[in-house]
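Asker: Take the two lone chains and join them into the complex the hints point to.
Now for the letters of each chain:
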Amino acid sequence: MLVATVGNVVVWAVWVVAAFACLGSGIAVVSFSNPFYSALALIGNLGSLAVLYLLLSAEFVAAAQVLVYAGAVMVMFLFVIAYIGPRSDSPWMGGPSWQAVGAVLAAGALLVEIVVVIGLKASGHLANSEKITSAFGSPAQIGRLFLTDHLLAFEITSIVLLVAAVGGVILGAHARRAAGEVPPL
Amino acid sequence: MGPGVAWYLTVAGFLFATGALGVLLRRNPLIVLLSLEIMLNGANLALIGFARNLGDGSGQIFALAVMAVAASEVVVGLGLVVAINRKRITLDVDRLNTLRG
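Protein chains in written order, with numbering that gives the first Met the number 0: chain P, 0 to 184; chain Y, 0 to 100.
Only chain Y is shown next, with the shape it has when bound in the complex (with noise of 0.2 Å):
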């Protein structure tokens, strides 16, 4: 027997708080969405691990659909940065605030 579905869940929880750090830490919007990914990416790890530790492959369709929502999350973010770099406004997300009320 390999490493038990224990380990590949050690290693999502830690590949989420790293995604969290940098989402939280970095304010270039670019890596944000990066670190973004790594969040998204350590999820379908659990999914996956779950998938194989129950015997069901439900959890690979559950993995597969957040990988087309992470595409889907990406185009719109890419496009709202390129739209805003476009207006010369900074690309720092502590400065876009202009939506702030």
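Same shape as in the complex, but just chain P (with noise of 0.2 Å):
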């Protein structure tokens, strides 16, 4: 009884430090004037996001969190703000005033929206969670799932990959032809 009441509070605590650390961290990269600065606040997001996906029990989902995207995309992300120097503008600053409040507008009501939307439609069966096994989110069982139920998700995630990949590449061969750094083709 009282270990499990520890083991309560313990959780409780993890989330509260975890989604605050998560939203504050979300404010202050919409809110850095520097980019370089904002780009550190998202992988504070990102790592604050992993720790509320284990609370979840998605193991996996949040070892992948922090390797591909804490890790691969934000350092892309930093080499090409450090390649493009610092450039900063403050949030509320520039352009026109009503660009500003629209867009809180905007944002205010897609909240508005995303919470009549999941109370009407899922209340009813958000109290009571389904029981599930210590297997649920290893990475067994999302190998399995992908390589059985979601296969053609699977090999779609490939191909834009792929895609991705290459158009990269297209782009910054592009951009120094165009830059006259190597002759055109």
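Ranges of calculated distance between the beta carbons of each label pair, as one might list FRET restraints: (1) P:ALA81 - Y:LEU95: 19 to 27 Å; (2) P:THR4 - Y:ARG94: 55 to 63 Å; (3) P:VAL10 - Y:THR89: 47 to 55 Å; (4) Y:GLY54 - P:ALA81: 40 to 48 Å; (5) Y:VAL68 - P:PHE19: 22 to 30 Å; (6) P:ALA81 - Y:SER57: 37 to 45 Å.
Calculated Cβ distances over 12 Å to all of chain Y for the following chain P residues: (7) MET0; (8) LEU1; (9) VAL2.
Just so you know, the hints here were simulated from the structure itself, not pulled from any lab data. Values in this document were obtained by computation on a predicted structure and should not be read as measured data. Note that CB positions come from ideal geometry on N, CA and C, so glycine has one too.
Answerer: Below, the structure written as structure tokens:
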């Protein structure tokens, strides 16, 4: 009984810390004027999201989040930001003021829509979670699902990644030719 | 029991709205891309929360597919940013209107 209560408190404490770190770093990404700091804040956001995934017993997704997102994708972002150089703009200045008002209104409307839709469609079965086994979210289960039920999605993902890689190479080569660094084809 | 799925969905909704605010408000295309990542991650958190709630692993598969699409989108987006920067055009999404008809 006591052990269960202590475990409960620990889970809630971890949830509160991770959720507020997540929301705070999200707001920081949007409000920093320097894109370098925004990218660093996004790494914090992704890390705290990985903690939330662990609390939802999605171990493999949490590991992939840290490796793929916070590792590879953010390193690419930081390289491009370093290449382009510091170029800061503050979020509330420049551009007509109706843009800022409209952006805040649209984001608020989106939030209200999300709350209303989830409340209408899913409020009935949110309170009681299904029982899961300890294998839920493990690499073995994810791999089995990927290679049986979701094989088509798996293959399409590989094609999407190939197209993105080719597109990145073409965009880079085109930019270098346009800048006159290499002779045109 | 820890926090219910409704709490995770609340965080996911706020994350999505924060990202949408960044996409609409900021004019630096790099920060627009970063805010887009926040929106995708909000959707991912909702997917994984529902996967846990329904005891079905398919939501996690969906979240992994979203991650792959996000990585591809970052490659193309950053390629465009670098290409625009090489042409010495100001990096401001309000001025990138040469495709306007």
